[in-house]
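Engineer: The chain contents come next:
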Amino acid sequence: MDPLPEELYLRCVHCGMCVRNCPTFQETGLEMDSPRGRVQLLRGLNRGELAAGPGLFRTIWSCLDCRACEAVCPSGVRIGFLVEEARGQFFEGGYRRSKGAFLLNLAMRFLFPYPGRLELAGRLLRFYQRSGLRTAARRLGILRLFPPAVREIERILPEVPAKTARAILTGANQNGREENGTGVKAGNGRTAGLFLGCVMDVLFAEINLATARLLERHGFQVTAPAGQRCCGALHLHNGSREQAKKLARRNIDAFLAAGVDYVVTNAGGCGAALREYPELLAGDPVYADRAREFSRKVIDIAQLLEQTGFLPPRGSFPRQVAYQASCHLKNVMGVADAPKRLLRQVPGLTLLEMPDEARCCGSAGIYNLTHPEMAEALLRRKMADLPPGTEVIATGNPGCLLQLMHGAEKYGPPVQVKHVVEILEEAYAAGERKKVTLT
Amino acid sequence: MTIIQKLAALVGQQNVFSTPEARYAYSYDATFRRCQPDVVVRPANTEEVSGILRLAWETQTPVVPRGAGTGLSGGSVPVRGGIALDLTRMNRILEINTADLLAVVEPGVVTDDFARAVAEKGFFFPPDPSSSKSSTIGGNLAENAGGSRAFKYGVIRDYTLGLEVVLADGRVIRTGGRTIKNVSGYDLTRLFVGSEGTLGVITQAILRFIPPPEATRTLLTFFPRLDDAARTVSAIIARGITPAALEFMDDQSIRVVEEYLHLGLPLDVEALLLIEVDGPAAVLAQQIAEIAALCREMGSREVQVASTAREAENLWKARKAISPAVARIKPTKISEDATVPRSRIPEMVRRLKEIAAKYDLKIVIFGHAGDGNLHPNIMCDERDADEMRRVEQAVAEIFQAALELGGTLSGEHGIGFLKAPFMPREHGENGLWAMRSIKQALDPRGILNPGKIFPLAQ
Ligand SMILES: Cc1cc2nc3c(=O)[nH]c(=O)nc-3n(C[C@H](O)[C@H](O)[C@H](O)COP(=O)(O)OP(=O)(O)OC[C@H]3O[C@@H](n4cnc5c(N)ncnc54)[C@H](O)[C@@H]3O)c2cc1C
Chain Y
1 MDPLPEELYL RCVHCGMCVR NCPTFQETGL EMDSPRGRVQ LLRGLNRGEL AAGPGLFRTI
61 WSCLDCRACE AVCPSGVRIG FLVEEARGQF FEGGYRRSKG AFLLNLAMRF LFPYPGRLEL
121 AGRLLRFYQR SGLRTAARRL GILRLFPPAV REIERILPEV PAKTARAILT GANQNGREEN
181 GTGVKAGNGR TAGLFLGCVM DVLFAEINLA TARLLERHGF QVTAPAGQRC CGALHLHNGS
241 REQAKKLARR NIDAFLAAGV DYVVTNAGGC GAALREYPEL LAGDPVYADR AREFSRKVID
301 IAQLLEQTGF LPPRGSFPRQ VAYQASCHLK NVMGVADAPK RLLRQVPGLT LLEMPDEARC
361 CGSAGIYNLT HPEMAEALLR RKMADLPPGT EVIATGNPGC LLQLMHGAEK YGPPVQVKHV
421 VEILEEAYAA GERKKVTLT
Chain P
1 MTIIQKLAAL VGQQNVFSTP EARYAYSYDA TFRRCQPDVV VRPANTEEVS GILRLAWETQ
61 TPVVPRGAGT GLSGGSVPVR GGIALDLTRM NRILEINTAD LLAVVEPGVV TDDFARAVAE
121 KGFFFPPDPS SSKSSTIGGN LAENAGGSRA FKYGVIRDYT LGLEVVLADG RVIRTGGRTI
181 KNVSGYDLTR LFVGSEGTLG VITQAILRFI PPPEATRTLL TFFPRLDDAA RTVSAIIARG
241 ITPAALEFMD DQSIRVVEEY LHLGLPLDVE ALLLIEVDGP AAVLAQQIAE IAALCREMGS
301 REVQVASTAR EAENLWKARK AISPAVARIK PTKISEDATV PRSRIPEMVR RLKEIAAKYD
361 LKIVIFGHAG DGNLHPNIMC DERDADEMRR VEQAVAEIFQ AALELGGTLS GEHGIGFLKA
421 PFMPREHGEN GLWAMRSIKQ ALDPRGILNP GKIFPLAQ
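As given, the protein sequences belong to chains Y and P, one line each in that order. Just so we're aligned: 204 in the numbering used here is position 204 of the first sequence, and the numbers increase by one with no gaps anywhere. Just so we're aligned: 44 in the numbering used here is position 44 of the second sequence, and the numbers increase by one with no gaps anywhere.
Misleading hints may appear alongside valid ones.
What the hints assert, rightly or not - Taking lysine-lysine and the DSBU-like style, the derived pairs with C-alpha atoms no more than 35 Å apart in a straight line are: (1) Lys-317/P / Lys-340/Y; (2) Lys-330/P / Lys-297/Y; (3) Lys-121/P / Lys-133/P.
Said to hold, decoys possible - Residues of chain P clear of chain Y, computed beta-carbon distances all greater than 10 Å: (4) Arg-174; (5) Ile-210; (6) Pro-213; (7) Ala-289; (8) Ala-434.
Hints are computed from structural coordinates only; laboratory data are not their basis. Ideal Cβ placement from N, Cα and C applies to all residues, glycine included.
Please work from the sequences and hints to get the whole structure.
Structural biologist: In structure tokens, the structure reads:
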């Protein structure tokens, strides 16, 4: 295994200011499960003081990569990057995640990078869910033949929408486009390239469409460059850095060619990965510069709306809402309060204080599949933390949506889970309905 | 049965760790030296701690108590191997009694968590080491931790009424009690506070707290001349004003922070003072005006007074940014805390600068001007053997300077093993003999945190 660059871990003076911010440390209290411990063990590995073995892998794979540590590190140690880098090396060396890793690796290599296949998979899944097959499979217990990770996915997936936003927005079906338009024509002279994502688009196409509508309401000309692919975040979490680099180059090409002013994301995990392309491609002679140019354009929808002048909806969303931050949105993209400020401007909406809203819900990419026990412990704690009276949890990332939906179902209370843009769109739509009935 | 098996029988297999990774992960604190324990044990209660110590006593195994491992003198580094006794599972606040204004806590409670719990009841626990987000009450007690409020409010010793301690052979004792006044026999509470885990393992503490001040006011000012800053501090105190914080930064720290944050700090001054007063709101307005006037009179360049909490937070920005700013200069940071009488601060700062020049090192100086507790931070690179040799010599001279000016090796970080070689210089042979006699009486087999406080015997 190649050694990691020394500068990455030497910066850590092991002061310990990070440990209490780490969700896994909070659960186990073990130094090996803390950011400081992880960095120090990698140091040991690098200096030949520790051998690569199960204990070390456990430490490195148990990291949520939520970056809560980076947000408080006084020395600016890039802990997440270091962990991802190490995973990359383990991966190259053939040391993979164990649980469910085989299927995940297959999916990551042959499914996520290909929008066509993803869409097909989505359609099959929809067929499975709606045709009665699911009911039959569940009743017959066929699912027991599958590994736990697959059963878990099967259980928590929401119903797949009929059409992806990609199909609607990238021009394949312009009629669909009109149906979903807001009627407001582009007016601020700026173009927003919508990043669709893979999971987001198959499972939550409506959120992508809502994002597009929101942008149009604010005068942006919206495009969704057809050449875009999965952001590669899941691959990075998993250590497949080479695949992530390939995806990164495709995305950079697609968006730079489209000449957009902004690359707009509505998924914290994707946004964070896109933002960090310059680090991922630092050694790439052709793409290092392009990655920087691209990265500068990447912005989260909530932040963009706020920066360019948010127009609050007239309709209301009369519910009690708790906001759960997506770790990557907050810790990597630095978007902490913008979504909350937007929500507060929605008529009728009461924003409740979510205690420790920045603590990971346990989703963390595919962590809930690879480390179900830790993920469940974190989720249980998260659900128990919900302020009394919560009717809706708002968040900003598909992984968090899935995990929290699962949490609401399994641990209650029976709350709805929505993306921030869905709430905003519902309020706008409500305003429009009212206008119609008045006239 | 091996010792590890016996430990597992005492606390459960799942709380005993001896893998190479665990031993590596418990080999360091916030200093740069490391030594591995043979095994890490995480007891849940006093009884388990007692059992572990009995076993260690019988087998002559070193035991190194450990809180959060944020120590700055190597206190929890197991220099002789043995058992790393991680006390963080004992983290319950057992009682907060607002009638007697005291609380009973286990040692693994995190400092901030405790302060918050007390604040939620409407009271105030003043000890505030800057590491309070991570450090434990046990570690604070064992190091007698201070913080920026120490000048006005004292250190954790001043808030400790009683302790439960497991002695080296496993016996359990209780010291002090639940009263403020208590002259019943030797003050063992104060003996164990600051004993760095060398005399016993603290398993419970009775801590007192106080009503909170009504309000706080903050002021930031810059002095072209260091001596004027020092005279100002003395003048404020002589007026009968006792600031809750009196933070000092030297020209180097100002420069380093400015380069990092671009706050617009002046770079042609020798000192920055951050002054905070707290108390009844009615009194504060006048006090802060008086301090501002004094600063101007004594040659300060600029006085900024915060009128809102937000503004106060802004004034603290420079002071709070030192650690991250400093970390960006060089990878290794040696934080000392040599402390001198307040009036000798200018002299100490000058000496520190001479030492930096002599050994060609970058030293930034900041600290608590009210109590003379300075934090010279030496910025270096552990990979540079030559530089590290110069650091070692510089550190020795820093200690010498502090002692010559009537100060001490350590104001709040403790001796650990890093400063142990310098103990004879501060205490003399007789002083050390007295300390050794106490150690010998309580831990005749020398199993508790060996290698700390006392220099190796010749
Ligand atoms: C960024 C930073 C800022 C800091 N700022 C301050 C500051 O402002 N003021 C200050 O005083 N210190 C400060 N420190 C130093 C350090 O945080 C304190 O010494 C703190 O009290 C250590 O607590 P801990 O829980 O980390 O203990 P550890 O480092 O784990 O242990 C410290 C010592 O306590 C002993 N010990 C721990 N628990 C027990 C127990 N239950 N019974 C007996 N012995 C025990 C250990 O054996 C060791 O000798 C700072 C450190 C850092 C890294």
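Engineer: All hints, please: hold or fail.
Structural biologist: Hints and how they fare:
1. Lys-317/P / Lys-340/Y: Cα-Cα ~25 Å, so holds.
2. Lys-330/P / Lys-297/Y: holds (32 Å)
3. Lys-121/P / Lys-133/P: Roughly 19 Å separates the two Cα atoms, so the pair holds.
4. Arg-174: holds (27 Å)
5. Ile-210: Ile-210/P is indeed farther than 10 Å from all Cβ atoms of chain Y, at 26 Å.
6. Pro-213: Given that every Cβ of chain Y is farther than 10 Å from that of Pro-213/P, nearest at about 26 Å, it holds.
7. Ala-289: Its Cβ never comes within 10 Å of chain Y, the nearest being 35 Å, so this holds.
8. Ala-434: Label holds. Min Cβ-Cβ 33 Å, cutoff 10 Å.
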